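Model the full assembly from the supplied sequences, consistent with the hints where possible.
In case you want the letters, here they are:
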Amino acid sequence: MFQVISDSGCDFTKEEAGEHNVHVVPFYVSFDHENYLKEGVDITRDDYFDRLTNEKGLFPKTSQPSPQDYIDAYTPYLKDGKDIISVTISSELSGSHASAVIAVDTLKEEYPDRTIVLIDSRNASVGQYLTLKEITKMRDAGLSLSETERIAREILKAIRVYFTVENLEYLKRGGRIGPTTALIGGILGLCPILQLSDGTLSQLDNVRGKKNALKLIEEAMVYALKDEVENINFVISHIRSEKDAANFFDNVEKALNMKIANPISGIGLTIGAHTGPGALAFAYCKKYDTFLS
Amino acid sequence: MNNLIYTIGSLDNWFLFAQIAGVITITFEFWSYQIKDKVRYFLITGIGSFFWMIMFFAIGMATGMATQASLIVASSYSTIRNLVFHGIFKKNTAESKEKGLIFLLVMIAVALIAGSLTVVNAPAEVRWLHALGMITSISFVIGQYLPGVHYVRITVVFYAVVVLLTQTPLNILYGDFRWNIMGMMIESSKIISVIVFYIRYAREEKKPQIQLAKP
Numbered sequence: 011m012f013q014v015i016s017d018s019g020c021d022f023t024k025e026e027a028g029e030h031n032v033h034v035v036p037f038y039v040s041f042d043h044e045n046y047l048k049e050g051v052d053i054t055r056d057d058y059f060d061r062l063t064n065e066k067g068l069f070p071k072t073s074q075p076s077p078q079d080y081i082d083a084y085t086p087y088l089k090d091g092k093d094i095i096s097v098t099i100s101s102e103l104s105g106s107h108a109s110a111v112i113a114v115d116t117l118k119e120e121y122p123d124r125t126i127v128l129i130d131s132r133n134a135s136v137g138q139y140l141t142l143k144e145i146t147k148m149r150d151a152g153l154s155l156s157e158t159e160r161i162a163r164e165i166l167k168a169i170r171v172y173f174t175v176e177n178l179e180y181l182k183r184g185g186r187i188g189p190t191t192a193l194i195g196g197i198l199g200l201c202p203i204l205q206l207s208d209g210t211l212s213q214l215d216n217v218r219g220k221k222n223a224l225k226l227i228e229e230a231m232v233y234a235l236k237d238e239v240e241n242i243n244f245v246i247s248h249i250r251s252e253k254d255a256a257n258f259f260d261n262v263e264k265a266l267n268m269k270i271a272n273p274i275s276g277i278g279l280t281i282g283a284h285t286g287p288g289a290l291a292f293a294y295c296k297k298y299d300t301f302l303s
Numbered sequence: 002m003n004n005l006i007y008t009i010g011s012l013d014n015w016f017l018f019a020q021i022a023g024v025i026t027i028t029f030e031f032w033s034y035q036i037k038d039k040v041r042y043f044l045i046t047g048i049g050s051f052f053w054m055i056m057f058f059a060i061g062m063a064t065g066m067a068t069q070a071s072l073i074v075a076s077s078y079s080t081i082r083n084l085v086f087h088g089i090f091k092k093n094t095a096e097s098k099e100k101g102l103i104f105l106l107v108m109i110a111v112a113l114i115a116g117s118l119t120v121v122n123a124p125a126e127v128r129w130l131h132a133l134g135m136i137t138s139i140s141f142v143i144g145q146y147l148p149g150v151h152y153v154r155i156t157v158v159f160y161a162v163v164v165l166l167t168q169t170p171l172n173i174l175y176g177d178f179r180w181n182i183m184g185m186m187i188e189s190s191k192i193i194s195v196i197v198f199y200i201r202y203a204r205e206e207k208k209p210q211i212q213l214a215k216p
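Quick mapping for you: the protein sequence lines, in order, are chains E and Z.
So the first sequence is residues 11 to 303, counted in my numbering.
So the second sequence is residues 2 to 216, counted in my numbering.
FYI, nobody ran anything at the bench for these hints, they're computed from the structure.
Treat the numbers as computed from the prediction; the structure is a model and nothing was measured.
Treat the hints with care, since some could be wrong.
[Stated by the list, open to error] Straight-line distance between alpha carbons at most 30 Å, and here's what the computed DSSO-like set of lysine-lysine pairs gives: (1) E:K221 / Z:K100; (2) E:K297 / Z:K208; (3) E:K92 / Z:K215; (4) E:K297 / Z:K215; (5) E:K253 / Z:K215; (6) E:K296 / E:K24; (7) E:K264 / Z:K207; (8) E:K253 / E:K296; (9) Z:K100 / E:K236; (10) E:K264 / Z:K92; (11) E:K296 / Z:K207; (12) E:K225 / Z:K207; (13) Z:K92 / E:K167; (14) Z:K37 / E:K167; (15) E:K269 / Z:K215; (16) E:K296 / Z:K100; (17) E:K147 / Z:K215; (18) Z:K208 / E:K220; (19) Z:K215 / E:K264; (20) Z:K208 / E:K264; (21) E:K236 / Z:K37; (22) Z:K208 / E:K236.
[To be verified] Chain E is faced by these chain Z residues, among others (derived, beta-carbon under 10 Å): (23) A70; (24) N93; (25) T94; (26) E99; (27) G101; (28) I103; (29) L105; (30) G144; (31) K208; (32) Q212; (33) L213; (34) A214.
Even for Gly, the Cβ is constructed at its ideal location relative to N, Cα and C.
So, in structure tokens, the structure goes:
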């Protein structure tokens, strides 16, 4: 059996990581741009988002795990004689994958008999989360490392991720939108509908008000999924928007006449630093067994 | 018949050219409001605006530029605006959207200044109509930029109606009914196209405003 490792761009909580046996390599976050805290280790989600919600004008910075962080994560499993499948956040969005590549190159000589499969998810947050869940299911079902890698890459090609944010200031700070767009959008109460596709973020639409944005995503999602109900996994993730997420999920479930287990998750600190509280993310992908040869 | 041939033969070539440009404008304007995709809409309406500008230029060559200068400026402004928006929506990046928004704000400012000057210089009894023209033209520019298929179509109808009432086609401002048939047809083509669009829209299968990829 191989070990599954991911950076914290996957949004797994400590409990979820334990439950699915995923080793999470944390990103770093900083409020003062000097002292960096390890996500989920030095600061919890609740503390982090409490500060973002209560301290206006607080915009944290994130930093990717270092190559040494990956070496420290990989080494114990390699020593135990385990192979590894390691998934990182999109290399278009972060340097985490580059750090992992350096770590793999460094460890290759020391552990020539072991295999580390490194996958650039070209995704993040809910997209990475869903993929990891499928990878752990494949591992637990006894699929080989190479078969798991093949199917994981297929899933990542097919996965769809959409999200909306409440506060445009975070997107502006992250350079995802310009200052004029943020200003006018803020005045008009615009909520962008964004998609993460092929590793990069782009805007699908702009709607007045979060309620309308969610309605639009809901209609579009039901339309896209209506013929695929049996074969899909679906997840909603959010930051301090539990009620919106639950309503959305209920509506989709009713409209598609389907039952989805554990559909609601939480956006982590890394992605949360770029979206701010109030964000909701949605992802769906085909189940791994639809890709079995 | 001989009279008709004589009449056509006596027309200035530039005037005939203006009529051809007008027909091309009608075709492109009508076509543009049948298109849902913003990128294609701006390209087609931009081409329509270009021929609209050519039409005014040709009329100017036939009848004298003094009367057409302001219309040539207005139609050039439309052409540039539509083609710039086409480029912005085609790129669809944060940078292009930011530039697009700044461009939109500049366009609104220009329209506000030009419109205000027109309102101020107009006789007091018809200022309200000029003000209405300014409001509908600015609404139309904003409507063009806003997402979705409805804003642009609703605002263009109001704009076209006001143009029909205030500009050359039905110059009701000073009791000078000139009956510019081509101008009337161009504005009417936009209104008719919107009506045709909504008839088609009502009949087609309802699809969500945004399309998400299938898994």
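These are the hints, each one checked on the structure:
1. For a cut-off of 30 Å, the pair hint linking K221 of chain E to K100 of chain Z stands: about 28 Å separates their Cα positions.
2. Between the alpha carbons of K297 of chain E and K208 of chain Z the distance comes to roughly 26 Å, so the proposed pair stays at or under 30 Å and holds.
3. About 36 Å separates the Cα atoms of K92 of chain E and K215 of chain Z, which puts this hinted pair outside 30 Å; it is violated.
4. The straight-line distance between the Cα atoms of K297 of chain E and K215 of chain Z is roughly 14 Å, inside the 30 Å bound, and the hint therefore holds.
5. A threshold of 30 Å between alpha carbons decides the hint, and for K253 of chain E with K215 of chain Z the separation of about 26 Å falls inside it, so the pair holds.
6. Pair hint K296 of chain E plus K24 of chain E holds up; C-alpha atoms about 25 Å apart against a cutoff of 30 Å.
7. Between K264 of chain E and K207 of chain Z the CA atoms are separated by roughly 19 Å; this keeps the pair inside 30 Å, and the hint holds.
8. For the hint linking K253 of chain E to K296 of chain E, the alpha-carbon distance of about 26 Å falls within 30 Å, and the restraint holds.
9. Between K100 of chain Z and K236 of chain E, the direct Cα distance comes to roughly 38 Å. Violation of the 30 Å bound is thereby established for this hinted pair.
10. The straight-line distance between the Cα atoms of K264 of chain E and K92 of chain Z is roughly 37 Å, outside the 30 Å bound, and the hint therefore fails.
11. Straight-line distance between C-alpha atoms of K296 of chain E and K207 of chain Z comes to about 25 Å, which keeps the hinted pair within the 30 Å bound.
12. For the given pair, K225 of chain E sits about 15 Å from K207 of chain Z by alpha-carbon distance, which is consistent with the 30 Å threshold.
13. With a C-alpha separation of about 23 Å, the suggested pairing of K92 of chain Z with K167 of chain E holds against the 30 Å cut-off.
14. Only pairs whose Cα atoms come within 30 Å are accepted, and K37 of chain Z paired with K167 of chain E is accepted, the gap being roughly 28 Å.
15. Under the criterion of a C-alpha separation no larger than 30 Å, the hint pairing K269 of chain E with K215 of chain Z is consistent with the structure, at around 19 Å.
16. For the given pair, K296 of chain E sits about 38 Å from K100 of chain Z by alpha-carbon distance, which is inconsistent with the 30 Å threshold.
17. With a C-alpha separation of about 23 Å, the suggested pairing of K147 of chain E with K215 of chain Z holds against the 30 Å cut-off.
18. For a cut-off of 30 Å, the pair hint linking K208 of chain Z to K220 of chain E stands: about 21 Å separates their Cα positions.
19. The straight-line distance between the Cα atoms of K215 of chain Z and K264 of chain E is roughly 19 Å, inside the 30 Å bound, and the hint therefore holds.
20. For the hint pairing K208 of chain Z with K264 of chain E, the CA-to-CA distance comes to about 19 Å; that is within 30 Å, so the pair holds.
21. Our distance criterion of 30 Å between C-alpha atoms is met by K236 of chain E and K37 of chain Z, whose separation comes to about 24 Å.
22. With a C-alpha separation of about 13 Å, the suggested pairing of K208 of chain Z with K236 of chain E holds against the 30 Å cut-off.
23. Hint status for A70 of chain Z: violated, given a least beta-carbon distance of 33 Å to chain E, over 10 Å.
24. Interface hint status for N93 of chain Z: upheld, as the beta-carbon distance to the closest one in chain E is roughly 7 Å, under 10 Å.
25. For T94 of chain Z, the suggested interface contact is upheld, since its CB lies about 8 Å from the closest CB of chain E, less than 10 Å.
26. At about 3 Å, the closest approach between the beta carbon of E99 of chain Z and any beta carbon in chain E falls short of 10 Å, and the interface hint on this residue holds.
27. The closest approach between the C-beta of G101 of chain Z and any C-beta of chain E is roughly 9 Å, which is under the 10 Å cut-off, so the hint is satisfied.
28. Taking 10 Å as the C-beta contact cut-off toward chain E, the hint placing I103 of chain Z at the interface holds, the least distance being around 5 Å.
29. The closest approach between the C-beta of L105 of chain Z and any C-beta of chain E is roughly 9 Å, which is under the 10 Å cut-off, so the hint is satisfied.
30. With 10 Å as the threshold, the beta carbon of G144 of chain Z stays out of range of chain E, its nearest partner Cβ sitting at about 14 Å, so the hint is violated.
31. Satisfaction of the interface hint for K208 of chain Z is found here, the shortest Cβ-Cβ separation to chain E being roughly 7 Å, below the 10 Å cut-off.
32. Residue-level restraint check for Q212 of chain Z holds (minimum Cβ-Cβ distance to chain E is 6 Å; threshold 10 Å).
33. The beta carbon of L213 of chain Z is positioned within 10 Å of a beta carbon in chain E (closest approach about 4 Å), and the interface hint is therefore held.
34. A distance limit of 10 Å between C-beta atoms decides the matter here; for A214 of chain Z the minimum to chain E is near 5 Å, and the interface restraint holds.
When held up to the earlier numbered hints, the structure conflicts with 3, 9, 10, 16, 23 and 30 and fits the remainder.
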